[in-house]
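Q: Next come the chains, spelled out residue by residue.
There are 2 protein chains.
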Amino acid sequence: MPYDQLIHFVKEANILSAVESLLDWDSETMMPERGLPARAEELSMIAAIAHERRTDPRIGDLLSRLDGKASNEQQVANLREVRRAYDRATKLPADLVRKIAHVSTIAKDVWGRARADNDFPAFAPILSQLLELKRQVADLIGYSGERYDALLDEFEPGMTSAEVSRVFSALRGPLSDIVRQISTSKRQPDTSILHRHFPRAAQETFARRMAEVVGFDFSAGRLDVSKHPFCSGSFPGDIRLTTRYYEDFFSPSVFGVLHESGHGMYEQGLPAEHAFTPLGQAVSLGIHESQSRMWENMVGRSREFWEKFFPEAQAAFDSLKGVSLDAFCGAINTVKPSLIRVEADEVTYNLHIILRFELERDMISGTLAVKDIPDAWRAKCRELLGITPQDDREGCLQDIHWSMGSYGYFPTYALGNLYAAQFFAAAKMAMPDLPERIRRGELRPLLDWLRSNIHQHGQRYRAGELVQRVTGQPLSIEPFLGYIRGKFFPVYGL
Amino acid sequence: MPYDQLIHFVKEANILSAVESLLDWDSETMMPERGLPARAEELSMIAAIAHERRTDPRIGDLLSRLDGKASNEQQVANLREVRRAYDRATKLPADLVRKIAHVSTIAKDVWGRARADNDFPAFAPILSQLLELKRQVADLIGYSGERYDALLDEFEPGMTSAEVSRVFSALRGPLSDIVRQISTSKRQPDTSILHRHFPRAAQETFARRMAEVVGFDFSAGRLDVSKHPFCSGSFPGDIRLTTRYYEDFFSPSVFGVLHESGHGMYEQGLPAEHAFTPLGQAVSLGIHESQSRMWENMVGRSREFWEKFFPEAQAAFDSLKGVSLDAFCGAINTVKPSLIRVEADEVTYNLHIILRFELERDMISGTLAVKDIPDAWRAKCRELLGITPQDDREGCLQDIHWSMGSYGYFPTYALGNLYAAQFFAAAKMAMPDLPERIRRGELRPLLDWLRSNIHQHGQRYRAGELVQRVTGQPLSIEPFLGYIRGKFFPVYGL
Chain D
-11 MPYDQLIHFV KEANILSAVE SLLDWDSETM MPERGLPARA EELSMIAAIA HERRTDPRIG
49 DLLSRLDGKA SNEQQVANLR EVRRAYDRAT KLPADLVRKI AHVSTIAKDV WGRARADNDF
109 PAFAPILSQL LELKRQVADL IGYSGERYDA LLDEFEPGMT SAEVSRVFSA LRGPLSDIVR
169 QISTSKRQPD TSILHRHFPR AAQETFARRM AEVVGFDFSA GRLDVSKHPF CSGSFPGDIR
229 LTTRYYEDFF SPSVFGVLHE SGHGMYEQGL PAEHAFTPLG QAVSLGIHES QSRMWENMVG
289 RSREFWEKFF PEAQAAFDSL KGVSLDAFCG AINTVKPSLI RVEADEVTYN LHIILRFELE
349 RDMISGTLAV KDIPDAWRAK CRELLGITPQ DDREGCLQDI HWSMGSYGYF PTYALGNLYA
409 AQFFAAAKMA MPDLPERIRR GELRPLLDWL RSNIHQHGQR YRAGELVQRV TGQPLSIEPF
469 LGYIRGKFFP VYGL
Chain C
-11 MPYDQLIHFV KEANILSAVE SLLDWDSETM MPERGLPARA EELSMIAAIA HERRTDPRIG
49 DLLSRLDGKA SNEQQVANLR EVRRAYDRAT KLPADLVRKI AHVSTIAKDV WGRARADNDF
109 PAFAPILSQL LELKRQVADL IGYSGERYDA LLDEFEPGMT SAEVSRVFSA LRGPLSDIVR
169 QISTSKRQPD TSILHRHFPR AAQETFARRM AEVVGFDFSA GRLDVSKHPF CSGSFPGDIR
229 LTTRYYEDFF SPSVFGVLHE SGHGMYEQGL PAEHAFTPLG QAVSLGIHES QSRMWENMVG
289 RSREFWEKFF PEAQAAFDSL KGVSLDAFCG AINTVKPSLI RVEADEVTYN LHIILRFELE
349 RDMISGTLAV KDIPDAWRAK CRELLGITPQ DDREGCLQDI HWSMGSYGYF PTYALGNLYA
409 AQFFAAAKMA MPDLPERIRR GELRPLLDWL RSNIHQHGQR YRAGELVQRV TGQPLSIEPF
469 LGYIRGKFFP VYGL
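Line by line, the protein sequences are chains D and C.
Going by the numbering used here, the first residue of the first sequence is number -11, and it counts up by one from there.
Going by the numbering used here, the first residue of the second sequence is number -11, and it counts up by one from there.
Bound-form chain D, shown alone (with noise of 0.2 Å):
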């Protein structure tokens, strides 16, 4: 009985998350403007009363009385997991996180203002504060590498900061040289045909099919419009996927959409049995992140896609009447070196992940000192993408996530696109049909294979341990940098 009270508390901790995040759809979807005052009530109530049960101690004692008397593996896995978040949960004093959460508030806000007026150094004194802060944490949930490790684990636990650092050490060289390679072709595509004319209406509904071309299940799900793009639920009988459209540009919202698609399926995959207990959750950031770039960018983005798809599209659009599948497929996988991460194409964003990561490594450690942080992103760039930022709107001061006090995030995007590659070869290897498959619209085969490999486990394994079983293999740049090779040098006649 004592695992069955234990999963009551979590269910119920979980159960009240969902609920903020509801209201948090609901903020940035539904709200009328004049709402805003008491949703944050709202917000702060629902979220102070889950931290409350998050850290109920009968979670401890059911935990310490549970200790080694797991009867089976899911049992195994969730205490496991429940462990993990109870400790990162108590391990902080309330006091320091109020704190964070007061800091970050005023810093998200100087930062909007400092990058507004390209002022670095008026974030510099909240941005020193703010690590300060997030050292503080690290230490309190301990490590045993290096304290960035800490924070990592946040979003992708399990990683350390070796093995990303032994990873994305192997690919920067590779992957500069692939960049200089395409930025120096002869052969380039015209990307002007996706800036042409869409009309929302078309956009929306192209859209929507869109996400149920891939199979996302709209019984249990919706798609709204949001400034920025997310995929919000808990539950996988209610997952809502928001895009944004912009007349004047195709790719956002299709290709937002097939990525958060992406996210949406995964957590309708879960095992709804399972719901608000690790079971029924997703792994980790990083994995999250491969469900998506594997829907956008290696079935979306992919010539045997458009070879189906694009006569819908030009049936769609008149914009797109008269321009070739091999225009469109060039456009649509354009590699340019540029200077705003959101901006980059499928090749560069993980140098823009490097550049970061390198950073923030050393910002927490205290080997780069805040003032030098502007210098130090010129001199990465530079020597990452061959290009420079002009000033630090474009450079440092371009994301939220350090404002946000989001320390060890970006990596996972990285992670998502190699893993993302991994499973993608994987999936290739068991269905050696799948190209034709996809050449023919049936996607349903490559979901089928995510469900049954990744999906249905909710946190039964880690990341490291789940790619292992998945593709045979630890994780490894090589199908990356294959998969890139294989798409991008035929399209730049390399």
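Among the hints, a few may not be true.
Said to hold, decoys possible - Quick list of simulated restraints, FRET-style, between CB atoms:
(1) C/PRO(-10) with D/ARG46: 23 to 33 Å
(2) C/HIS39 with D/ARG197: 51 to 61 Å
(3) C/SER440 with D/LYS215: 29 to 39 Å
(4) D/LYS215 with C/GLU466: 46 to 56 Å
Since the hints were made in silico from the structure, they are not lab data.
Ideal Cβ positions, reconstructed from N, Cα and C, are used throughout, including at glycine.
Here the structure of chain D is known, so what remains is to put chain C in place on it, guided by the hints.
A: Frame of chain D, contents of chain C only:
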């Protein structure tokens, strides 16, 4: 400080109720169908926590310490209403509350099937059980007059069966006479013009326009679609209306939205500085209904209103081209005794309510046995409306309320109509040019008058006192009868 502490607790409980209400709104408007299992868990959890907070013994202690110590009129009102809510919440043992929730969930289901099958005996046993439970509730809550008072008080604080009975007894004769006169008039409006084709998109635009025209503030609210229309919201900055659209019927969306806008503008007009405390909440269901009915009927079905807006309606809907203003006003003001309450016009509507009040009062007292309800219904229906249902589907099985355990709710609908007429007469006394203003589409003066006379007070005054203060009279049927005669006799050439 004890007062501030008390208000803090009260606000917390009401903020949780606001979350509950958002979850409900989402279930009715946004949630995908497969989201229900998680939503049910979320709702029951938030309800349980809210109940815990509402019955926190510290509220009782603080109320005792503050007894007789209010330092101003606002504190008097807040303490009075917090005391009432606390007493109601704590007088009922948790077991009984759970039992009623459980039985009424089943009863709703049994009722649904019994209505479909026209099988009152199938519903009778669980209806008896619910009535017995509600008698226990009434006895635990306490009353000075009769049992039914304790139930009525839930929806209309301070109102008594004797007072309702006095008003309804005075109303039933004259109203039945008016209905008879209208029914036998040779002049009968042509309602077929309302049943032409009204495209959904045009209805959506026009319904939203109607809400804006009367003064509903979309920066503090929304309008969405649900199966049954309602107004939801607990904070003046975030009030949400719903409606539904029938392409073959003009009225439901237009008058439904005017009705819900009336509710919504009341909520938007409550003082935000007192949000989540009684001073920031509506007086009663009856007063709430007075606002919706005034805007729907007294403004929204007036000839003055359509003198201004009928040309807009004709521009929006081809089906109204060539229809005269007279014909339109006749059609939207048709009076015809019918069997179904929710389809009743504003004259016969109160007779439907009187019927239900007279029956449920006897059901609670026990003088009407459950098995005799169908016959009693038929007899009253014939007596009040001059027509008799052919079966119980269009008789005593038509409403969901009894299956939900809501007894004492029905009278508030008719009280709302009476309050509305009395307030509207007072507004016309205060602003003799009101009809002329409405004719010019100037609806702001009426809203401002309601804001300063009613909305801004929250629960400072109970319904009876509010009516007396605003109109200089106690609740009376004369304004309503005067309004009905003045409006309908000309339509019917009487």
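Q: A separate judgement is required for each hint: does it hold in the structure or not?
A: Hint check:
no. : hint                                : result
1   : C/PRO(-10) with D/ARG46: 23 to 33 Å : holds (32 Å)
2   : C/HIS39 with D/ARG197: 51 to 61 Å   : violated (45 Å)
3   : C/SER440 with D/LYS215: 29 to 39 Å  : holds (37 Å)
4   : D/LYS215 with C/GLU466: 46 to 56 Å  : holds (55 Å)
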